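Asker: The residues making up each chain are set out below.
2 protein chains.
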Amino acid sequence: MNKFLYAITVLLFTANTFAADVLPSWNNTPTKKSLVEFVAKVTKAGSADYVAPAQRIAVFDNDGTLWAEQPFYFQALFAFDRVKALAPSHPEWKTQEPFASVLKGDMAGALAGGEKALVELIMATHANMTSEEFSSIVREWVTTARHPKTGLLYKEMVYLPMLEVLDYLRANGFKTFIVSGGGIEFMRVFSQEVYGVPPEQVIGSSIKTKFELRDNVPVLVRLPEVNFIDDGAGKPVGIIQHIGQRPIAAFGNSDGDLQMLQWTCAGAGARFCLIVHHTDEKREWAYDRKSPIGKLDKALDEATAKHWTVVDMKNDWNSMFPGKK
Amino acid sequence: MNKFLYAITVLLFTANTFAADVLPSWNNTPTKKSLVEFVAKVTKAGSADYVAPAQRIAVFDNDGTLWAEQPFYFQALFAFDRVKALAPSHPEWKTQEPFASVLKGDMAGALAGGEKALVELIMATHANMTSEEFSSIVREWVTTARHPKTGLLYKEMVYLPMLEVLDYLRANGFKTFIVSGGGIEFMRVFSQEVYGVPPEQVIGSSIKTKFELRDNVPVLVRLPEVNFIDDGAGKPVGIIQHIGQRPIAAFGNSDGDLQMLQWTCAGAGARFCLIVHHTDEKREWAYDRKSPIGKLDKALDEATAKHWTVVDMKNDWNSMFPGKK
Chain A
7 MNKFLYAITV
17 LLFTANTFAA
27 DVLPSWNNTP
37 TKKSLVEFVA
47 KVTKAGSADY
57 VAPAQRIAVF
67 DNDGTLWAEQ
77 PFYFQALFAF
87 DRVKALAPSH
97 PEWKTQEPFA
107 SVLKGDMAGA
117 LAGGEKALVE
127 LIMATHANMT
137 SEEFSSIVRE
147 WVTTARHPKT
157 GLLYKEMVYL
167 PMLEVLDYLR
177 ANGFKTFIVS
187 GGGIEFMRVF
197 SQEVYGVPPE
207 QVIGSSIKTK
217 FELRDNVPVL
227 VRLPEVNFID
237 DGAGKPVGII
247 QHIGQRPIAA
257 FGNSDGDLQM
267 LQWTCAGAGA
277 RFCLIVHHTD
287 EKREWAYDRK
297 SPIGKLDKAL
307 DEATAKHWTV
317 VDMKNDWNSM
327 FPGKK
Chain B
7 MNKFLYAITV
17 LLFTANTFAA
27 DVLPSWNNTP
37 TKKSLVEFVA
47 KVTKAGSADY
57 VAPAQRIAVF
67 DNDGTLWAEQ
77 PFYFQALFAF
87 DRVKALAPSH
97 PEWKTQEPFA
107 SVLKGDMAGA
117 LAGGEKALVE
127 LIMATHANMT
137 SEEFSSIVRE
147 WVTTARHPKT
157 GLLYKEMVYL
167 PMLEVLDYLR
177 ANGFKTFIVS
187 GGGIEFMRVF
197 SQEVYGVPPE
207 QVIGSSIKTK
217 FELRDNVPVL
227 VRLPEVNFID
237 DGAGKPVGII
247 QHIGQRPIAA
257 FGNSDGDLQM
267 LQWTCAGAGA
277 RFCLIVHHTD
287 EKREWAYDRK
297 SPIGKLDKAL
307 DEATAKHWTV
317 VDMKNDWNSM
327 FPGKK
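From first to last, the protein sequence lines stand for chains A and B. Residues are numbered in my numbering as their position in the first sequence, beginning at 1, plus a constant of 6. Residues are numbered in my numbering as their position in the second sequence, beginning at 1, plus a constant of 6.
In case anyone wonders, no lab produced these hints; they're calculated from the structure.
No copy is singled out in the list; a pair is fine if it fits within one copy or between any two copies.
Once the Cα atoms are required to be at most 27 Å apart in a straight line, the calculated DSS-like pairs of lysine-lysine come out as:
id : residue 1 : residue 2
1  : K181      : K216
2  : K216      : K122
3  : K214      : K122
4  : K100      : K110
Model, not experiment: these values are computed from the prediction.
Kindly produce the complete structure, drawing on both the sequences and the hints.
Answerer: Spelled out as C-alpha cells, the structure:
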C-alpha cells in the first residue's frame, strides 16, 4: 500500500476496524496492540512522540526472527550441502573433521568442534571465489534446497506475521534493515525477493574481500579470513557502521540480539523492542533458555524487566509459514 | 522533482529543450551530453540498455568530487581545529609532533610525518568518545568553521554542478551513494543536508567502535584503532560490504578512485564512469598529476584509454560553488 492510500485508509476507518485490518496473521492480543500503538504515535504529525521518516529505522534479526533456525541455522545447512557437493574434489575430507562427520550426515558431530569447526566449514564453502560466484551458488541453493523436516524451500520457512510487520512498517514510512549474525552476502541474495529488503539494507557477518585484477578484469575475491561478526555486542557496532544512526525499533529472538535491543530502546523518545519467543512446538519448534541454537535467556529476563514486547508465537500468531496455517 | 513530474517533463519537451533544462550549471558540451545520453538509455523501458531501478546504483567520491579538497582535505582541517581546541588540556603537545606544528599553524610541517602523523592526529581528535559525542562536535564545526582561503563554510564549498547530478540521477530512479576515503561518521553528519544522501548511503574510512554499558547505559565508543580504509583498492571492497552490488555509474577525481571506476565500468551492460579534472585555477584550484592532495595521474591515463568521461571544470561548468558564479 502506498503512503497516500494508507493515509486514506486511516482516515476512513475507526481505530478498531483499522487495528483488525492490519497484521491479519496476528491475533488481537496485547502484543499486536503494543506494535500498532507505537506506530500510531511515532507517525502522528504534531504528537510529542512524532518521529520524522528519516529517523524511522527498524532493525530485524534474521535467524529465528524472520525465518526459522532449527535444527541448525539454515546457513550451516547450506555449508553442509556445499561440503557434500565439493567432496569429490576433496578426498581428504573423508577422514578429516569436521568434514568427515558432515559427509556421514552426522551434523551434531560436525559441530562438536565448536566455533573452530564452524569457521573451518564456512571458510571451505564460502571463501576462495569471487563475490559474484558465491552469490550464484547461494541463488541456486535457495531456489532448490529443501528443509529436512518440513520439505519446504528454506525461503518458504519465513514467518508470515513478521513479513506483515515489515510491510506494515514500510507502509508507515519506516526503513527496514536486517541485522543478523548470518553472512551478509548470503542473505543479500534473497532479501529483496523474500523480505522486500534491498541488499544495501542487509547487515551481517562477513569474511574479508580483496580487489584484484585478473587478466585485467577487476574482481572481488572472498578471503578465508573473518572480517566482522555481527552478533551480540557486534550488532550495535554493525548498525552504526552501516546505518549511521540508532534505530527506534528492534526485533530479535535470542541473547545474540540483546545488545541491539538494549541500544535501540535506550534512545530518547518513543522506542519499540520486541522478542519473538518460540513457544509453538506444533507448527514450528519450542525452545528458549536451554537451546544451543537461538538461546533466549538473558534477553527474556531483560524483556520482562524493561517491559519489551514478547511474542508468544503459539497464542499471538494465527499463521506461521506462508501457505501453511 | 518527483518521478511523475519528471515523466511529464520528458513527455512535454523535445529532447533538445530537455537537455538544456537539466543540469543548468553544465555547459552544453559533449561532457554533459555523455551523462544525459547514459541516463536516457538505462531508464528507457524496453531498450536493450534498460536497467531496473533496483540496480541503478551510482557512487560518488567526496573530496575533490563533491566538495573541494585544497589546500588540505577538509577533514584534516577539522582535525587541526580540534587540536587547537583541545590543546589547553594537552600541554605536552607544545613540543610533541605532529601537534606542535599544528599549534604553530604550520600545516605542511604537521603532515611532514606522513601517514603516521596523520593517523596520530586523527586518533587524538576522532577517538575516545561516543559516536554521539563525535557527531555533535562535527555538527558544530561544519556549521561554524570557515575555509582559510574563501571564507566560506566548508559545506558551501560543494560543486553546484555535482549537486545537480545527484538530483538528476535520483529523479531518474537512481540511488546515490558517497564512497570516500574520508571518515564515514564525519560525512554522515552533513550528507543529508548538503547532498541529499542519507547516512546509510555514506561509505567511508572508519576507526573501530565498541559497544559498552556505562552505568547500565549502552554507548558506542570510538577506539583509537583503524577499522577500514576506504581508498584505492578499498573502495570496491567498501561498496560490496555496504551496497552488496556493483554500481552502474561512478564519479571520482583522483587515483584513489581508480579501482572503483575500473570495477564499476567493467560490469556488463551500459556503464558510466566520470572523472572531475581540476582545471580551474581561477574559480577554484588547478591540479592533477603532481598534486600531493587529489593526485590524478594513472586514472587520467585510464580514462583516456577506456573512454571514460572527463570533466574539464573550467570549460564544462558555468558555476562552481552554490551562490558564487
